[in-house]
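On the provided structure of chain Y, position chain R as indicated by the hints.
Residue numbers (full-length UniProt numbering), protein chains in the order written: chain Y, 1 to 213; chain R, 1 to 503.
Some clues are possibly wrong.
Unchecked claim - Derived SDA-like pairs: lysine to any residue, alpha-carbon spacing no greater than 20 Å straight-line:
#, chain 1, residue 1, chain 2, residue 2
1, R, Lys163, Y, Lys161
2, R, Lys313, Y, Ala111
3, R, Lys265, Y, Glu69
4, Y, Lys38, R, Val61
5, Y, Lys38, R, Asn173
6, R, Lys265, Y, Gln68
7, Y, Lys113, R, Glu301
8, Y, Lys38, R, Gly138
9, Y, Lys161, R, Ser185
10, Y, Lys38, R, Glu301
11, Y, Lys38, R, Ser60
12, Y, Lys38, R, Asn95
Because the hints were derived from the structure by calculation, they are not lab data.
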Amino acid sequence: MSFPNPAKAVKLVLLGEAAVGKSSLVLRFVSNDFQENKEPTIGAAFLTQKCTIGDKTIKYEIWDTAGQERFASLAPMYYRNAQAALVVYDITKPASFLKARHWVKELHEQASKDITIALVGNKYDLVEDENDGDTLRKVSVEEGQKLAEDEGLLFFETSAKTSYNVNEVFVGIGTKIPESSAPTGVQQAGNEAGRIDLTTGAASTTQQTSGCC
Amino acid sequence: MHQRSESNYSNNYSLLDMYKEDSEDEQNTLNTSKLDSINQQTTKEILNGDFDRYGFKKVSVHSSITNETYNDWFKEYAEFLKERKTKWVMLLKSNGLQVDSEKTIPSRFPPKSDKVKKLIRKGIPGEWRGSAWFFYAGGYEKLNKHVGVYDKIVRDTKNLQNKDTDVIERDLNRTFPDNIYFNGSLRSNQDGTPGKQKPQSQEEEKNSSPMIRSLRRVLVAFAHYQPQIGYCQSLNFLAGLLLLFMSEERSFWLLVILTERIIPKVHSKNLEGVHTDQGVLMLCIKEYIPSLWSILGKTFEGEVLSEDKILTKLPPVTLVTSSWFMSVFVGVLPIESVLRIWDILWYEGSKTIFRFALTLCKTCLESEEFQNAKPRKKNTELEQVELFQFMQSFPKTLINPNVLVDNCFKKIGGYGYGSISQDEINKCREFVAKQRQKLKNKSNSVINPEMNAQERRLLTGDDDIHDVYGFNRSIMSGVAWNNNISNKMKKRFSRKASKSSLV
Numbered sequence: 001m002s003f004p005n006p007a008k009a010v011k012l013v014l015l016g017e018a019a020v021g022k023s024s025l026v027l028r029f030v031s032n033d034f035q036e037n038k039e040p041t042i043g044a045a046f047l048t049q050k051c052t053i054g055d056k057t058i059k060y061e062i063w064d065t066a067g068q069e070r071f072a073s074l075a076p077m078y079y080r081n082a083q084a085a086l087v088v089y090d091i092t093k094p095a096s097f098l099k100a101r102h103w104v105k106e107l108h109e110q111a112s113k114d115i116t117i118a119l120v121g122n123k124y125d126l127v128e129d130e131n132d133g134d135t136l137r138k139v140s141v142e143e144g145q146k147l148a149e150d151e152g153l154l155f156f157e158t159s160a161k162t163s164y165n166v167n168e169v170f171v172g173i174g175t176k177i178p179e180s181s182a183p184t185g186v187q188q189a190g191n192e193a194g195r196i197d198l199t200t201g202a203a204s205t206t207q208q209t210s211g212c213c
Numbered sequence: 001m002h003q004r005s006e007s008n009y010s011n012n013y014s015l016l017d018m019y020k021e022d023s024e025d026e027q028n029t030l031n032t033s034k035l036d037s038i039n040q041q042t043t044k045e046i047l048n049g050d051f052d053r054y055g056f057k058k059v060s061v062h063s064s065i066t067n068e069t070y071n072d073w074f075k076e077y078a079e080f081l082k083e084r085k086t087k088w089v090m091l092l093k094s095n096g097l098q099v100d101s102e103k104t105i106p107s108r109f110p111p112k113s114d115k116v117k118k119l120i121r122k123g124i125p126g127e128w129r130g131s132a133w134f135f136y137a138g139g140y141e142k143l144n145k146h147v148g149v150y151d152k153i154v155r156d157t158k159n160l161q162n163k164d165t166d167v168i169e170r171d172l173n174r175t176f177p178d179n180i181y182f183n184g185s186l187r188s189n190q191d192g193t194p195g196k197q198k199p200q201s202q203e204e205e206k207n208s209s210p211m212i213r214s215l216r217r218v219l220v221a222f223a224h225y226q227p228q229i230g231y232c233q234s235l236n237f238l239a240g241l242l243l244l245f246m247s248e249e250r251s252f253w254l255l256v257i258l259t260e261r262i263i264p265k266v267h268s269k270n271l272e273g274v275h276t277d278q279g280v281l282m283l284c285i286k287e288y289i290p291s292l293w294s295i296l297g298k299t300f301e302g303e304v305l306s307e308d309k310i311l312t313k314l315p316p317v318t319l320v321t322s323s324w325f326m327s328v329f330v331g332v333l334p335i336e337s338v339l340r341i342w343d344i345l346w347y348e349g350s351k352t353i354f355r356f357a358l359t360l361c362k363t364c365l366e367s368e369e370f371q372n373a374k375p376r377k378k379n380t381e382l383e384q385v386e387l388f389q390f391m392q393s394f395p396k397t398l399i400n401p402n403v404l405v406d407n408c409f410k411k412i413g414g415y416g417y418g419s420i421s422q423d424e425i426n427k428c429r430e431f432v433a434k435q436r437q438k439l440k441n442k443s444n445s446v447i448n449p450e451m452n453a454q455e456r457r458l459l460t461g462d463d464d465i466h467d468v469y470g471f472n473r474s475i476m477s478g479v480a481w482n483n484n485i486s487n488k489m490k491k492r493f494s495r496k497a498s499k500s501s502l503v
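So here's chain Y without its partners, still in its complex pose:
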């Protein structure tokens, strides 16, 4: 398989409270799949996925992290050198939105200056069918939008379950990310001829481009 343009490697980190759907968003993006009651991530999970936007190919190097608070001591290693971050919350859980605010603050203070951050309100499927009263939704679209505007973030409401808006998040990040933000030595890594991917098994989807766009 060959790519016309060198794939640009982008380190993307997912942050957010436990059980908001971080791993599910990744599973949807990488394998176009959904698993009900996905197991909690312990430590971190690593995946890669190529994504073509126009004539640009991006290879996302995805760092999916554990959501429970005590794992946060590992976080600086996660977002070190990250060019993109998904800060995920559950639109039916107000506490998870509060946590998202904290992550945004932390990223602005600690991560690299030109990091592209997307704020993602997940589990849209749970509120989709509600015709009135919005009983399950606990975080309004406006609240999310406001935080995103104030902090200069991309904003999406998504459903990993129905796949609503999931690719858009990754395309959105890929579009917004500054051309020069990849650290030297990483930028060309995806373009070596005849290279062999280490990926095996269920995760061997890195060569797909269809998962995106």
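Only chain R this time, still in chain Y's reference frame:
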């Protein structure tokens, strides 16, 4: 010593008991085990069905193992299991322990000996596992000191609601969704009726499987009993696996034994035990698998981590290997391999985790995929991440536990990972913990250890103080590393050099 006789722990439960959806007194179920089906399923039923002996889906979404691969392996393995059972029956009989019939589950086992150890390493019969684990881990001693304690905690915590119970609730249905005892909807799917979606309402929640209710009680009770740990994600997998093999009360006490004695502080609030054990593992990799260390023992910037820096700047691969310790390989390896490691763990102790972690590292390193990919070694961060991805997915394909166990204990030039003694591990742990403590005292003497990373940073304005990537300074120079391992390994590698490479 073992006052709790078989009658107290009658094992005559059947699967039917598990699916009685009536609301009988839950306390009655506290002292009963959940799984007795292991022996009842024939090899043929397993080969033709979708589930394994323990109720897990044979074909997991997490691995590339197909039904054909599974069956090819299991056909052979089933024969091996029969042979092992015969050996165990003989062992028990020769020790004067009664095994009346096929169905008998012994509550007592022979005292520890080389012979027993050998048998353990080849696997405990599935239906005896719970009983044997409990016996060899010192479960009876623990239980006899705490008669009635578990029941009392369960009563006391019945309506407890706090931060821990909140995370526990979120994780209950996310524990073994591939297992028929944990996920009732798999059962109805099998019957051809549409499966239930995950419980949303309280009404539905009450109808969750008995196993989920047991898991809730064990985890809540544990968080209450061990407040310095509370609830830590991964404990759900540990408690869940125990519950498949023994009663709630016994599961609870084995979880206590595991977190107190075997992997202390690994689940504590600051995960200090994770950092300690990963430090030990990294030092072991450096000593035992130098070729892998040359790839992994670097920061993403390519900085080679010298011995004195390992403990202060754990290499990023520890983000992968730390889950091997926290979950004790649950979800890392296929279930049969996990169970074989657990057989050894409860008998031999924590060195088992290090031995198998090293075996896994070595197996990854020697895999065809890894060897083929090696020439493009440029050491970019992307390449390291691809390596991590491989190290996470590859172990899930290692379907034959016998190969894994053999690789762990085989000796080359007189040494193997089985040569790492518990004493060495204990010394290394002590060494690493001490060094980390020193550094901590030095770096942030004003900082309360209870503070989280963010609070520490706020207080010190120093980004480098957190646990993994902190301590930039090289105040560790002149570290006297464990000479025992070093000398032994020097010998090993000088012998190895004259032989052909490892298989």
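Quiz item: Which hint numbers does the structure go against, in order from smallest to largest?
Solution: Failing hints, ascending: 1, 8, 10 and 12.
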